[in-house]
Amino acid sequence: MADAKESIHIENVVASTGIGQELDLQTVAMDLEGADYDPEQFPGLVYRTQDPKSAALIFRSGKIVCTGANSTAAVREALHLVFDELRALDIPIEEDPEITVQNIVTSADLGASLNLNAIAIGLGLENIEYEPEQFPGLVYRLGEPDVVALLFGSGKLVITGGKEPSDAEAAVDVITERLSELGLLG
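To convert, note that position 164 of the sequence shown is 494 in the numbering used here; the numbers rise steadily by one, no gaps.
Just to be clear, a hint being listed does not mean it is correct.
[To be verified] With a cut-off of at most 20 Å between alpha-carbon atoms, the simulated EDC-like pairs for lysine to aspartate or glutamate come out as follows:
1) K486 x E459
2) K393 x E428
3) K486 x D333
4) K393 x E370
5) K493 x D354
6) K393 x D414
7) K383 x E341
8) K383 x D333
9) K486 x D439
FYI, nobody ran anything at the bench for these hints, they're computed from the structure.
All chains, full assembly: derive it from the sequences and hints.
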C-alpha cells in the first residue's frame, strides 16, 4: 500500500497579523486598487492577491486575516504584499509584523475504501461524530496532534486545525495506525 503521507496536499493556510492601528476602511477601499468593501455584507475589506493567490480580510482594528494560500511561505508572502500596498498608501507599518498561522487545511488519500460505520464503532464515540444522514464524512477529533480529520468512504481525508504541515503527517500516521490495529484499513 502506498504511503498515505505522500498524498498530503495543503489546500488552504489561514494566518493572522495586525498592524497596530485602526484603519478608515472606506478611505483604504477607495485608494487600494482591487479592494472590495461592503460593510453591510461583511465588516472587513477584502483584498485579493494573485501571486500567490490569497484573500486578505482587513478589519478596522488593524487586524488582518489571510486565507486561500497553499503553503505557509505563500501566506507570508501574500501578507507582505498587503503590507507593501498599505505602506504605499502612507499607512505606517512596522518592518516585520508578527504573522501567526491559525489553521492549515490539508487533504490526503489512504488509498483504500473505508467502512465508516465500522470505524465509528471501532474508534469509540468519544472522539467521533458520524451522522451519515447529515454529512457523508466521519469527524474524528484527534488529541495528538490537535486536529480534526474528516474521513470519507472513498479513503480520502481532510485534516483541519493544524498549525504546521507536520501536523497533517502526524495525523495520517495516527489514523492509519489506529485503523490498521482495528483491521479496518486495506
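Going through the hints against the structure:
1. K486 x E459: holds (17 Å)
2. K393 x E428: Given pair K393, E428 holds - Cα atoms ~11 Å apart, limit 20 Å.
3. K486 x D333: holds (13 Å)
4. K393 x E370: holds (19 Å)
5. K493 x D354: violated (31 Å)
6. K393 x D414: holds (15 Å)
7. K383 x E341: holds (12 Å)
8. K383 x D333: At roughly 29 Å apart (the allowed maximum being 20 Å), D333 and K383 break the hint.
9. K486 x D439: Given pair K486, D439 holds - Cα atoms ~4 Å apart, limit 20 Å.
The structure fails hints 5 and 8 (numbered hints given earlier, in ascending order).
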